[in-house]
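Taking the hints as your guide, dock the two standalone chains into a single complex.
Quick mapping for you: the protein sequence lines, in order, are chains F and G.
With our numbering applied, the first sequence corresponds to residues 1 to 117, in that order.
With our numbering applied, the second sequence corresponds to residues 1001 to 1111, in that order.
Since the hints were made in silico from the structure, they are not lab data.
For every residue, glycine included, the Cβ atom is placed at its ideal position computed from N, Cα and C.
Heads up, some of the hints might be wrong.
To be verified - Pairwise CB distance ranges, derived in the manner of DEER restraints:
| no. | chain 1 | residue 1 | chain 2 | residue 2 | range |
| --- | --- | --- | --- | --- | --- |
| 1 | F | Q84 | G | E1003 | 23 to 33 Å |
| 2 | F | F74 | G | S1095 | 19 to 29 Å |
| 3 | G | E1015 | F | N51 | 25 to 35 Å |
| 4 | G | P1014 | F | F74 | 38 to 48 Å |
| 5 | G | N1110 | F | P70 | 40 to 50 Å |
| 6 | F | P70 | G | Q1054 | 34 to 44 Å |
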Amino acid sequence: DTGVSQDPRHKITKRGQNVTFRCDPISEHNRLYWYRQTLGQGPEFLTYFQNEAQLEKSRLLSDRFSAERPKGSFSTLEIQRTEQGDSAMYLCASSLNSAGVFFYEQYFGPGTRLTVT
Amino acid sequence: KQEVTQIPAALSVPEGENLVLNCSFTDSAIYNLQWFRQDPGKGLTSLLLIQSSQREQTSGRLNASLDKSSGRSTLYIAASQPGDSATYLCAVWTSGSRLTFGEGTQLTVNP
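Only chain G is shown next, with the shape it has when bound in the complex (with noise of 0.2 Å):
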């Protein structure tokens, strides 16, 4: 059974921060990994998806890596607004149609 760990849970950093997100998963043979962003009582937002032949998504001052033998995978936020304050969840696709997520790192972004 797939599981998916995002480490750490919460994060406080003061505004203009470059931060790494982490997302482990627990069964290699994956087809995909997406990050998303959700913001309180809201829905998903997608924000990079990586396909199991690449190793890394870009966009804007987002920038996600996978390393699919080590189940690993981080997502890189450069120079960090305010507005980047969300739960950012990433989610893993293994087998049939089901996405399987981890629990969530909570950011907040201090001005």
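Next comes chain F alone, as it looks inside the complex (with noise of 0.2 Å):
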């Protein structure tokens, strides 16, 4: 395995253009995370979901970002009617929830950065 990848690691589109990021977790890992980082800042979480379901969503997703999840394995990342605010770097993270284990470490993917001109 090599790990949580990314796709693709730079993105440069005009505002007001639609975005769609991929993420492929470490395999088996059930719970996906997505996180965004802007320039100078730490990473702030976004959304994760367990399996194919969507648990939790920050305030920062606002009504044109959609995450899915459709199978359990791979997530998807969309951004419509892309604003300048936008720009960053958009991270992954998987981890692999046991029962039994309270915490479970997340792993990091390389990130997509975005640019909106």
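Written out as structure tokens, the structure is:
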């Protein structure tokens, strides 16, 4: 297993366009997380999935953002009608949640850097 | 709402120095604390994870301590090397499944 992968690594788009990012977690990891990181800041939580169910969403996740994990494996994050303020690094992480184990370490991917012009 | 603060924001040291990075958090009811390393334009690499019942963790030249009651953690790096240059992020897990991150300390180790 090569770890969490994200595609694309870089995306430049014009304001108003829609973009979609993909995250492939470590195989058999049942939890998948999305974070956003702006320049000079720490990552901020956006949402997470347990298998295919989206269990928590941050207030940062506006109506223009939608995330899916249709088969409980890879996930997509779509941003509609992009704005310049959406420019950031979008990070994906995964973890294995086992019964009886309270904490499960999150493993991060390399991120997708979005630039909205 | 949990808030995480890291001091200093940036640090420049000569090679070979021992150094300490600081992290503080406002809600002491944490489940665990994690230190990450981030190289420019890259994702996060986990360095050390301290569970709430633990006081410290060690990995090679790195040692992280946790004082839950005072809301503080330190990351100690011994005998720093130029390859240690990166941004170091502290994150805590309090509720749900989200990690709350600090803004990071940008470390430069000069040869």
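Verification of the supplied hints:
| no. | hint | verdict |
| --- | --- | --- |
| 1 | F:Q84 with G:E1003: 23 to 33 Å | 27 Å, holds |
| 2 | F:F74 with G:S1095: 19 to 29 Å | 27 Å, holds |
| 3 | G:E1015 with F:N51: 25 to 35 Å | 47 Å, violated |
| 4 | G:P1014 with F:F74: 38 to 48 Å | 45 Å, holds |
| 5 | G:N1110 with F:P70: 40 to 50 Å | 49 Å, holds |
| 6 | F:P70 with G:Q1054: 34 to 44 Å | 38 Å, holds |
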